[in-house]
Amino acid sequence: MPSSSGYFRTHYDQDLRFIDTRTQRYCLWLLLAWLAIYPFLATEMLLDLANQVLLASVGAIALMLLTGFAGQVSLGHAGLLAAGAFTAGILFKEFAAPVWVTLPASAAIGAVLGLLFGLPSLRLRGLYLAVSTLALHFIVAYLGGEYEAKRGFSSGIVIDPPVLFGWVLDSAQAWYFVLLAASAGTLLLAANLLRSKTGRAWRAIHDREAVAEALGVNVPAHKLLAFVISSSLTAMAGCLFAYFRGFVSVEAFTLFLSIQYVAMVIVGGMGSLLGALLGAAFVVLFPYGIEWAMAILPIPTRWSGMVFAVDYAAFGLVMIAFLLFEPQGLVGIWRRMQNYFLLWPFKQQLMRK
Amino acid sequence: MQTLINILVLASIYALISCGYVLIYRVSRVLNLAHGEFMMLGAYGLLATASSFGAHPFAAVGVASVMALLVGVAIYFVLMRHMTGESVLAAVLCTIAVGILLRGLITLTWGAQQHYPMEQLGWVNSSISVFGDARISAASLGLIIATAVCYSGLFLFLRYTRWGIQMRAAGQNPLLAAQRGIRLNGIYALAWGLATFTGGIAGMLIACDSGLQTTIVTIGLKAFPATLVGGLDSLLGALVGSLIIGTAEVLLINYVDPLLSDVAPFFILLVMLIFRPWGLFGTREEIDRV
Amino acid sequence: MSTPATLKDKAILEVDKLEVSYHRVVTAIQGVTLEVRRGQIVALLGNNGAGKTTTLRAISGFLGIDDARVSEGTVRFCGKDIANRFPHEVAGMGIVLVPERDKVFENLTVQENLEANSPRQSSTLSRMQEAVYAYFPLLARLRGRQAGYLSGGERQMLAIGAALMCGPELLLVDELSLGLAPIIVEELAERLRAIRDELGLSILLVEQNAHVALEIADYGYIIENGRIVMDGDRERLTGHQDIQEFYLGAGGSGRRNYRDVKQYRRSRRWYG
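Here the protein sequences line up with chains A, B and C, keeping their order.
So for the first sequence, the numbering used here puts the first residue at 1; every next one is plus one.
So for the second sequence, the numbering used here puts the first residue at 1001; every next one is plus one.
So for the third sequence, the numbering used here puts the first residue at 2001; every next one is plus one.
Just chain A, same shape as in the assembly:
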């Protein structure tokens, strides 16, 4: 709720509520309704895009919890996704395990890895922590590659579509609803965590560790908790990713993927769940936007064969632009727009943080 809306919370209960006003409730219903009928209206392409966004949003929310709220940097997100995907792949290949085994197993592996990723955070801060997660990313990727090589799946592991309650998940529409549920579930979990004691402790740690400790927050425990929760959510996302693609390969989990997830958090807006969603959508749709732009813009023909390079360059540019000019991300723009219309015709006073 923007501060200039004229709506002020006068009660602690209101502070904890998800929905403040009636308008918001109506908007939410509208959104839900639209989400429900979307797969029946959208083209195959649009549906696939929506699926990718929903899948990415799970990982983005997980990273947002860790980086945006608890303030712990991680450059190893792709490693965690890989861990989840490989858990699914290996369990499927070796034991033909069904999805209701692989998903919790991924979560468990993610939690263990989260603990490992988090341990350095007890001693390291900022830069050094980022580096240690980076190192872990490489180690996880190596283990995955090693498995592929040793078992002879040099091009990757193929996974059959999962079966849920007798349903075979092989249509895009079915996936849409599964992913929507996963994304919504993650969002609800995150929102609930954030308004609880844990969430407040994370924010305190983010703002200043020493003060948080002085105020009675168990800093090490909460840091580790942040890592564990975030990692386990991410690993589950990785597991879903494996099933969604029907294929697991270490090639998919590059450092660039980690950076893309960090970019989601940055572009969306630090410290906002809405930001995670917006960022996920932005980063996932970005290459398609580039492709589309390249199709209609007059560009040198020799570039057309190198879409990925154009994509890289443009992605770097956009990241720089956001870091320089809009550190608050898409959420910042959104809030400013809200304020503008709420206050119109008065000019808004820009308050710097």
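In case anyone wonders, no lab produced these hints; they're calculated from the structure.
The beta-carbon is built from N, C-alpha and C at its ideal position, and this holds for glycine as well.
Take these hints with a grain of salt, some might be off.
[Stated by the list, open to error] Stretches of chain A that chain B covers, calculated by requiring three or more beta carbons in the stretch to come under 8 Å of a beta carbon on chain B: (1) 10–23; (2) 130–140; (3) 254–262; (4) 314–327.
[Claimed, not checked] Chain B side only, calculated, beta carbon under 7 Å to chain A, not exhaustive: (5) 1031; (6) 1078; (7) 1082; (8) 1090; (9) 1094; (10) 1100; (11) 1101; (12) 1103; (13) 1104; (14) 1105; (15) 1240; (16) 1243; (17) 1244; (18) 1261; (19) 1263; (20) 1277.
Position chains B and C against the provided structure of chain A, taking the given hints into account.
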């Protein structure tokens, strides 16, 4: 004996790249994760000058080195200057973004195929035999020499010249440095320039030795653990760290599993971070929060 | 004082109705007006949080770092407006600050600390260095020592010496006496006065310790809650009863009653 030579070559590659990380970190407290890309840019710069100055190979190398230096200065003034005062994470991400941008642009300009700048320069990468049966390629020998020259140059520069002293001063206490009339922007730009210069030279020599492709970036990334193991703010540390990482890698390739060589640096890094995060020779300090 | 009268007339630093606000919200100092004349030592006295450091930062260009800015008033140095300039520009014009804390580069040796500075004319570098060693012979002996291993007094000497290397016309000294033994403070103060006499520079001395400051200052300002509440030359300030009471700690004639104190508070409001 050959193993020893291999270790020396690899360590000097890492060391030459590492000093760029150290310079920038020590002076401006920014971790430049685009260093691998700068290295690559230096190498492609040589490729460009080699085709236009084909007749004068030394001129080509000289022009390419100066270009590498200018790129660093330009990056600082155009971009990193605006990141001062922002959080450490933002600055680091900015360098990552620069790296991605550069990688894209380089691929667009030169394509993804393999190039051989050494041939374009008209030089032959002959193999020289040293100490009996051990052999070393000319470019590798150049690398070792370049590393020695760069390091001794940097040591002397930082120790005895006024700019060097000002650089150390600015790195230690930028506020006080500004109070004393030291131009921080100039000093920072110089550090960036020197970093891209040394990185560029490393890139050129590696490209001469084993051909040029966009995958050269990985080497830059692997030099990073070497820097951290030695201590992010110590040149001497970078040297020692490079030796350690280089040794470990060569031994692993020879005796255990070549696949391991890609992770080994990061594994050592992780162990180091757990037991002595500030590195062997680094100064212990509180690192900024996010 | 010993300053020649001919030099005294010219104001080198004029701060006029200066107002500084942090984050565009909090006003730290309000309507501070003060003046340093050529060759003068001026003391700015005040308690913790009175606005002394903010005033100094406004002069030396260090507000930007804390998201503060001069929101009103002017700072003029030799007639030029220098408000909201960059620190190295201000230093280049001839105003050099000796900060309160972190005043030396700890990893550098004494010699390097002196060399690191950017003098306005580089030709004078070695000559200035000799001069600094002449003022502080102790530093010459510690030449090769790392500054991190110096004692508080030695650091202060080094900081003053390094500031002199920049060839200042106006030296800003933040808390000369902080954390130092009285005997060293005395010595440093004498040294400062000698330097002033010899180099003819002006000094703005910011102090909590009014004793020391008023001993060497020609003129003094007293700042409280971000306003100048009283000013005058040395004789006037040291002679003033309230100054004696509140800043010099001279109890004099036993306890005073509350009404007198209130009287002081009222009067200083009018001064502001």
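Hints versus structure:
Here's how the stretch 10–23 of chain A fares: 0 of its residues keep a CB closer than 8 Å to some CB of chain B, so the rule of at least three is not met and the hint is violated. Coverage of the stretch 130–140 of chain A by chain B holds. Counting CB-CB distances below 8 Å, 8 residues qualify, and the rule asks for three or more. Coverage of the stretch 254–262 of chain A by chain B holds [criterion: at least 3 residues with CB-CB distance below 8 Å; count 4]. Figure legend: the stretch 314–327 of chain A, annotated as covered by chain B; annotation consistent (9 residues with Cβ-Cβ distances under 8 Å, at least 3 required).
For residue 1031 of chain B, the shortest C-beta to C-beta distance to chain A is roughly 5 Å, which falls under 7 Å, so the interface hint holds. Of the supplied interface hints, the one on residue 1078 of chain B is violated, with its beta-carbon coming no nearer than about 10 Å to a beta-carbon of chain A, more than 7 Å. About 6 Å separates the beta-carbon of residue 1082 of chain B from the nearest beta-carbon of chain A, less than 7 Å, and the hint is met. For residue 1090 of chain B, the interface hint holds, the least distance from its beta-carbon to any beta-carbon of chain A being 6 Å, beneath 7 Å.
Because the closest C-beta pair between residue 1094 of chain B and chain A is about 5 Å apart, less than 7 Å, the hint holds. Look at residue 1100 of chain B: its Cβ gets to within about 4 Å of chain A, closer than 7 Å, so that hint holds up. Interface restraint check: residue 1101 of chain B against chain A, minimum CB-CB distance 3 Å, threshold 7 Å, status holds. Interface restraint check: residue 1103 of chain B against chain A, minimum CB-CB distance 5 Å, threshold 7 Å, status holds.
Interface restraint check for residue 1104 of chain B: the shortest CB-CB distance to chain A comes to about 3 Å, inside 7 Å, so the restraint holds. A cut of 7 Å between beta carbons decides the hint on residue 1105 of chain B: the least distance to chain A is about 5 Å, and the hint holds. Here the hint on residue 1240 of chain B is broken, as its CB sits about 18 Å from the closest CB of chain A, past 7 Å. Because the beta carbon of residue 1243 of chain B sits about 19 Å from the nearest beta carbon in chain A, more than 7 Å, this interface hint is broken.
At its closest, the beta carbon of residue 1244 of chain B sits 15 Å from a beta carbon of chain A; the interface hint therefore is violated under the 7 Å criterion. Proximity of residue 1261 of chain B to chain A is violated relative to the hint, the smallest CB-CB distance being about 10 Å (cut-off 7 Å). A cut of 7 Å between beta carbons decides the hint on residue 1263 of chain B: the least distance to chain A is about 4 Å, and the hint holds. Because the smallest distance between the Cβ of residue 1277 of chain B and any Cβ of chain A comes to about 5 Å, under 7 Å, the interface hint for this residue holds.
This entry does not satisfy hints 1, 6, 15, 16, 17 and 18, going by the numbered hints stated previously.
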